[in-house]
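Student: If you want the building blocks of each chain, they are given just below.
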Amino acid sequence: MAVNSELTELYSGIYTDNIRRIREGSTSFLNAFRDAAFDRFTTLGIPTRKNENYKYTNLDLFFRHNYKTYFIPDESDFVKAEEFRCDITDLDTHGVVLLNGFYPTINGKIRTLPGEILIGSLNEASRRFPDLVERHYGKYAKSNSDGLVHLNTAMASDGVFVHVPQGSHLNKPVQVINLVDSTEDVFNQHRNLIIVDDNADLTIIICDHTLSPQKFLTNAVTEIYVGENARFNIIRVQNEHNNACKVTHTFIHQGRNSYSSSNNLTLHGGLVRNNTYHFLGGEGAESSSFGLYLSDKWQHVDNLVSVEHAFPNCTSNQLFKGVLDEMSTGAFNGRIFVDPKAQGTLAYQKNNNILLTDDAKMYTKPQLEIYADDVKCSHGATVGQLDENALFYLQSRGIDKREAKLLLMLGFAHEVIQNIGVEALRERIDNLVMQRLKGELSRCASCMVKCG
Amino acid sequence: MLVIKNLHAAIEGKKILRGISLEVKPGEIHAIMGPNGSGKSTLAAVLAGRDLAEVTEGSVTYFGRNLLEMAPEDRSREGIFLGFQYPIEIPGVSMVNFLKTAVNEHRKYKGLEPLSASDFLRIMREKKELVDIDSKLANRSVNEGFSGGEKKKNEIFQMAMLEPKLAILDETDSGLDIDALRVVANGVNKLKRPDNSAIVITHYQRLLDYIVPDVVHVLYDGRIVKSAGKELALELEEKGYDWIKKEVDNQN
Ligand SMILES: Nc1ncnc2c1ncn2[C@@H]1O[C@H](COP(=O)(O)OP(=O)(O)O)[C@@H](O)[C@H]1O
Ligand SMILES: [Mg+2]
Chain A
38 MAVNSELTEL YSGIYTDNIR RIREGSTSFL NAFRDAAFDR FTTLGIPTRK NENYKYTNLD
98 LFFRHNYKTY FIPDESDFVK AEEFRCDITD LDTHGVVLLN GFYPTINGKI RTLPGEILIG
158 SLNEASRRFP DLVERHYGKY AKSNSDGLVH LNTAMASDGV FVHVPQGSHL NKPVQVINLV
218 DSTEDVFNQH RNLIIVDDNA DLTIIICDHT LSPQKFLTNA VTEIYVGENA RFNIIRVQNE
278 HNNACKVTHT FIHQGRNSYS SSNNLTLHGG LVRNNTYHFL GGEGAESSSF GLYLSDKWQH
338 VDNLVSVEHA FPNCTSNQLF KGVLDEMSTG AFNGRIFVDP KAQGTLAYQK NNNILLTDDA
398 KMYTKPQLEI YADDVKCSHG ATVGQLDENA LFYLQSRGID KREAKLLLML GFAHEVIQNI
458 GVEALRERID NLVMQRLKGE LSRCASCMVK CG
Chain B
268 MLVIKNLHAA IEGKKILRGI SLEVKPGEIH AIMGPNGSGK STLAAVLAGR DLAEVTEGSV
328 TYFGRNLLEM APEDRSREGI FLGFQYPIEI PGVSMVNFLK TAVNEHRKYK GLEPLSASDF
388 LRIMREKKEL VDIDSKLANR SVNEGFSGGE KKKNEIFQMA MLEPKLAILD ETDSGLDIDA
448 LRVVANGVNK LKRPDNSAIV ITHYQRLLDY IVPDVVHVLY DGRIVKSAGK ELALELEEKG
508 YDWIKKEVDN QN
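From first to last, the protein sequence lines are chains A and B.
So in our numbering, the last one in the first sequence is 489, and the numbering has no gaps at all.
So in our numbering, the last one in the second sequence is 519, and the numbering has no gaps at all.
None of these hints come from the bench; they were simulated from the model.
A hint or two may mislead.
[As the list claims (entries may be wrong)] Restricting the straight-line Cα-Cα distance to at most 25 Å, the calculated cross-link-like pairs of lysine-lysine (DSS-like) are:
| id | chain 1 | residue 1 | chain 2 | residue 2 |
| --- | --- | --- | --- | --- |
| 1 | B | Lys375 | A | Lys442 |
| 2 | B | Lys457 | B | Lys367 |
| 3 | A | Lys442 | B | Lys367 |
| 4 | B | Lys418 | A | Lys438 |
| 5 | B | Lys403 | A | Lys438 |
| 6 | A | Lys475 | B | Lys457 |
| 7 | B | Lys459 | B | Lys497 |
| 8 | B | Lys272 | A | Lys438 |
| 9 | A | Lys334 | A | Lys438 |
| 10 | A | Lys442 | A | Lys413 |
| 11 | A | Lys442 | B | Lys512 |
| 12 | B | Lys367 | A | Lys475 |
| 13 | B | Lys493 | B | Lys512 |
| 14 | B | Lys418 | B | Lys403 |
| 15 | A | Lys475 | A | Lys92 |
| 16 | B | Lys459 | B | Lys292 |
| 17 | A | Lys87 | A | Lys402 |
| 18 | B | Lys282 | B | Lys272 |
| 19 | A | Lys438 | B | Lys493 |
| 20 | A | Lys387 | A | Lys442 |
| 21 | A | Lys334 | A | Lys413 |
| 22 | B | Lys493 | B | Lys506 |
| 23 | B | Lys418 | A | Lys442 |
| 24 | B | Lys292 | B | Lys367 |
| 25 | B | Lys497 | A | Lys438 |
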């Protein structure tokens, strides 16, 4: 079986122990999904390595642990959070903070910006805009075969909600800062819903950080709807400590002639698993899926990307690159599915990796399922060392070996970084990646926030 | 400044250099010619510090120091410059960043402060004109997508930025049309200072019309088999290498 029954029982237990409190704090709208999702979870369970999609990722390391708390805030947490302020430095964005998966404010849980754009708490949105939420919530994640998605639906009760109505666009990106902070080991789940209607435009930056050194497990689901002719970019900057595990499931559902891009920048983290699902659900849609991962020590970073071409004349591009140091490991699984009716498909995929030591390991696997004839598809993967010739070339110009290696790694990473559309963030990431590769990435400098 | 004595080197156990001796004095220009595969690039690589070729015998001193013990980056900082026969493409590393790093590492070595951004850009502009390099190239990644000629000009441009004492130019003229050749040669000549030296590796004597050597050496099968004045280049141009090969083979 590809299900770990012992772990599945453990998490079913967490569900049973907490569901009453979860229901109390949630709207009836969100609660209505829970029973069915829990049923699905118990059937699908926590994936094991026998599950083809989790072949290279051992969730046991973080899931087999007695987390003292499943985080559900009570009144006092919100009061505390009111005092807790984070200033997002450097970047001119609309900032949103999630604390252990919750929208940590008592008042103003939803902001309305010019163009009737809504940013705020999902729980609150499901109370105030049930029709809007109902059109999208659960729709894109529902049929997924990963038990963790359904565990999230069964238990998550808050997260970020963004709605950009038809034709609207924001003058600057939305930045969500996910903070985990606790005095106990915590398991937390949150749920985001982002709706970008026809002809609308949104860029969202999600930063994942850990503030305290406890063991953390986060299982997050984000559903995104991108309407006809709409444009959407999501950039994730992940910087968690080695004792934290982050599993993300991102569903991007696109309409006709829309464009979306996703960029997973994993700078640091104990175990990171990003599932990014792109559904090209209308003719002429285009998607890009980028990723950069830098790992060392015992870290493990796994990206699963699935692009589904369901309509004709869509274009997709996947570019994932990684630099793995010490005994860290990584995995990339890039799926391209082309429906029989998706003629005129263009689909590209590239995964390049540099291993800095003999102990570092990378598993990379394309998964092509092409059922249409008129398809242009290319894929390629490399796992290798730094180019010795390039290294010598730089040294021969007076650059010492350490610096030369750094330049090469930065150059390698830049192919991904250059796709970040927000210039200030792009420069910031170039910098963070440099600090990271130099081994100088500090927790706070990196988090783009000043907290206190 | 450079004294090579009985230098032997092997690549993967295969003997490539078989006893090279050569002395370059300040201000001299040496040309090294010779058929393909005779070991010219290997010699250049050994001098620049590429560890692919293993030195099995002999010595190289540079201003009295054992060159072979120095790291490649230190050789560069001490004034050795290798113009690559096949310049390397480095995607993602911009020319500006690359050169700024290189120049500042040289300065650090000399105990100087890094150049300010504006000083650096000014110097870069000046040197760019010297080699007539397209301004846009400076904004691209190192050698990436450069034409053959652009890559060679870029080598001279880097040389201009680093102002070496000993330039080793490995077939910088190959694949250049006559205009580009003139640009490259002019660049070299303009950068020439009375006490700076150069080793110019070439196949063709046409480069030597512009860069006039003090000595011409013929490298064949890992050995310098003939050294003479610049008229040797002309002779080689007319008669090819076969007569030299014959001479050498008869001696053996
Ligand atoms: N990287 C290498 N690995 C193995 N053999 C090499 C390598 N580079 C050069 N050689 C061999 O060394 C010899 C000399 O090559 P090279 O120095 O490039 O000659 P030249 O520059 O005079 O044409 C040739 O026989 C060549 O095949
Ligand atoms: Mg050669």
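Student: Hint by hint, which ones does the structure fall short of?
Tutor: Failing hints, ascending: 5, 6, 8, 10, 11, 15, 19, 21, 24 and 25.
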